[in-house]
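Terminal number for the sequence shown in the working numbering: 540, no gaps in between.
The set of hints was computed from the structure by calculation and includes no laboratory data.
Mixed in with the good hints, there may be bad ones.
As the list claims (entries may be wrong) - Straight-line Cα separation of at most 25 Å, DMTMM-like style, residue types lysine to aspartate or glutamate; simulated pairs:
| id | residue 1 | residue 2 |
| --- | --- | --- |
| 1 | Lys295 | Glu442 |
| 2 | Lys295 | Glu375 |
| 3 | Lys295 | Asp359 |
| 4 | Lys516 | Asp393 |
| 5 | Lys426 | Asp393 |
| 6 | Lys426 | Glu442 |
| 7 | Lys516 | Glu375 |
| 8 | Lys464 | Glu481 |
| 9 | Lys447 | Glu430 |
| 10 | Lys447 | Asp465 |
| 11 | Lys447 | Asp393 |
Claimed, not checked - Derived CB-CB ranges, DEER-like:
| id | residue 1 | residue 2 | range |
| --- | --- | --- | --- |
| 12 | Pro316 | Val491 | 20 to 30 Å |
| 13 | Arg400 | Gly343 | 21 to 31 Å |
| 14 | Ile347 | Ser401 | 21 to 31 Å |
| 15 | Asn405 | Val491 | 40 to 50 Å |
| 16 | Ala424 | Gly475 | 53 to 63 Å |
| 17 | Gly474 | Asp314 | 38 to 48 Å |
| 18 | Gly519 | Ala355 | 21 to 31 Å |
| 19 | Leu538 | Ile347 | 43 to 53 Å |
| 20 | Ile347 | Asp317 | 19 to 29 Å |
| 21 | Arg379 | Gly475 | 16 to 26 Å |
Glycine is no exception: its CB is placed at the ideal position from the N, C-alpha and C atoms.
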Amino acid sequence: MLKIGLIGYGKAGQAVANVLRDEPDLSLRWIARGTTRGAIGNGAGSTPVIGLDQIKLADWLDAHPVDALVDFSGPTAVRAYGEEVRRRGLILVSAISAYSDLDSDYLRSLGANARVMGSPNITLGINFLILAAKLLREVAPHADIAILEEHFRDKPEVSGTARKIARSLDVKDASITSLRLGGIVGHHEVVFGFPYQTVRLSHDSIRREAFGTGAAFALRELAKQTGPGFFTFEDLLMQRMRNQWLEA
Numbered sequence: 293m294l295k296i297g298l299i300g301y302g303k304a305g306q307a308v309a310n311v312l313r314d315e316p317d318l319s320l321r322w323i324a325r326g327t328t329r330g331a332i333g334n335g336a337g338s339t340p341v342i343g344l345d346q347i348k349l350a351d352w353l354d355a356h357p358v359d360a361l362v363d364f365s366g367p368t369a370v371r372a373y374g375e376e377v378r379r380r381g382l383i384l385v386s387a388i389s390a391y392s393d394l395d396s397d398y399l400r401s402l403g404a405n406a407r408v409m410g411s412p413n414i415t416l417g418i419n420f421l422i423l424a425a426k427l428l429r430e431v432a433p434h435a436d437i438a439i440l441e442e443h444f445r446d447k448p449e450v451s452g453t454a455r456k457i458a459r460s461l462d463v464k465d466a467s468i469t470s471l472r473l474g475g476i477v478g479h480h481e482v483v484f485g486f487p488y489q490t491v492r493l494s495h496d497s498i499r500r501e502a503f504g505t506g507a508a509f510a511l512r513e514l515a516k517q518t519g520p521g522f523f524t525f526e527d528l529l530m531q532r533m534r535n536q537w538l539e540a
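Please work from the sequences and hints to get the whole structure.
Written out as C-alpha cells, the structure is:
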C-alpha cells in the first residue's frame with residue numbers, strides 16, 4: 293500500500309483527498325497547506341492537515357514518512373519540497389498548470405533521482421483526448437484546428453491544458469478561445485476543420501474528483517516504473533495502452 297502526502301487543500305485538493313482516502317491500495321497519511329491559517333486539525337475524514345509554514349519539512353517527513361507526494365497547490369510549492377523528493381526518492385505527482393519555465397525545468401530535474409509525473413491536467417479523459425487529437429493531426433496535417441476551453445468565472449489564466457493541447461498539435465496559442473462562465477469545472481474541445489466535414493473532440497470535467505481518479509492512476513503507474521524518470525500523464529497512459537495491446 294502506497295502512503296501518500298497531499299500538498300494543497302483548495303477545492304481541487306479537497307476533492308482529490310476524498311478520492312485518495314477511499315482507494316483500497318492507497319493510504320492518505322496527511323495533507324499540507326501553504327499556511328497555518330485554518331490548517332490545524334483534520335480533513336478528509338481523520339487525515340491530519342498541517343501548514344507548511346509551521347514545520348520543517350525534512351523533520352515532518354522523518355516523523356510522518358510517505359512513499360509519494362501529490363501536489364495540487366501552486367506553481368512555487370515545488371521549491372519547498374523538491375529537494376526532499378530528490379533526496380528520498382519519493383514518487384511525485386504534480387498537477388500544476390502554471391509553472392514558470394524555470395520551475396518546470398526544476399520539476400523535470402527531479403526525475404534524475406525520483407519517479408516524477410507532471411501534467412497540467414491529470415484526468416484520464418483529457419489525456420486520451422490529446423492522444424486521439426495527435427493521431428488525427430498525424431493523419432490530416434493540413435486540417436484547420438481550433439481549441440476551445442471553458443472554466444469557472446474566477447480562473448484568471450488561459451488553461452494550461454489548452455496550451456498543452458496546442459503544443460502537442462503544433463498550433464499557436466492564438467488558436468485557443470477561452471470562456472469564463474459561472475461554475476464550469478472544465479471543458480476542452482478540439483475542432484478539426486476538413487473540406488466537407490468537421491470533427492470535434494471534447495472533454496468535460498463534471499466534478500473535481502476526476503482529478504483524484506487521475507492522481508490515483510498516475511501513482512499506480514509510477515509505482516510500476518523500475519527506475520527514476522520524468523513522465524507526463526500521456527507517457528503513463530501510452531505505456532499502459534502498449535502493455536494491454538501486447539497482452540491482447
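Outcome of the hint check:
1. Lys295 / Glu442: Roughly 34 Å between the alpha carbons, so the hint for lysine 295 and glutamate 442 is violated.
2. Lys295 / Glu375: Given that 25 Å is the threshold and the Cα spacing comes to 19 Å, the pair holds.
3. Lys295 / Asp359: holds, 5 Å
4. Lys516 / Asp393: Violated, at about 29 Å.
5. Lys426 / Asp393: holds, 24 Å
6. Lys426 / Glu442: Roughly 21 Å between the alpha carbons, so the hint for lysine 426 and glutamate 442 holds.
7. Lys516 / Glu375: holds, 23 Å
8. Lys464 / Glu481: With a Cα-Cα distance of about 15 Å, the restraint between lysine 464 and glutamate 481 holds, given a limit of 25 Å.
9. Lys447 / Glu430: Roughly 32 Å between the alpha carbons, so the hint for lysine 447 and glutamate 430 is violated.
10. Lys447 / Asp465: holds, 17 Å
11. Lys447 / Asp393: holds, 21 Å
12. Pro316 / Val491: 20 to 30 Å: violated, 39 Å
13. Arg400 / Gly343: 21 to 31 Å: holds, 28 Å
14. Ile347 / Ser401: 21 to 31 Å: Since isoleucine 347 and serine 401 have Cβ atoms about 24 Å apart, the given range 21 to 31 Å holds.
15. Asn405 / Val491: 40 to 50 Å: holds, 42 Å
16. Ala424 / Gly475: 53 to 63 Å: violated, 27 Å
17. Gly474 / Asp314: 38 to 48 Å: For glycine 474 and aspartate 314 the Cβ distance comes to about 28 Å; the hint is violated.
18. Gly519 / Ala355: 21 to 31 Å: holds, 28 Å
19. Leu538 / Ile347: 43 to 53 Å: Hint holds: Cβ distance 45 Å, inside 43 to 53 Å.
20. Ile347 / Asp317: 19 to 29 Å: With Cβ atoms ~27 Å apart, the hint holds.
21. Arg379 / Gly475: 16 to 26 Å: violated, 41 Å
When each numbered hint is compared with the structure, violations occur for hints 1, 4, 9, 12, 16, 17 and 21.
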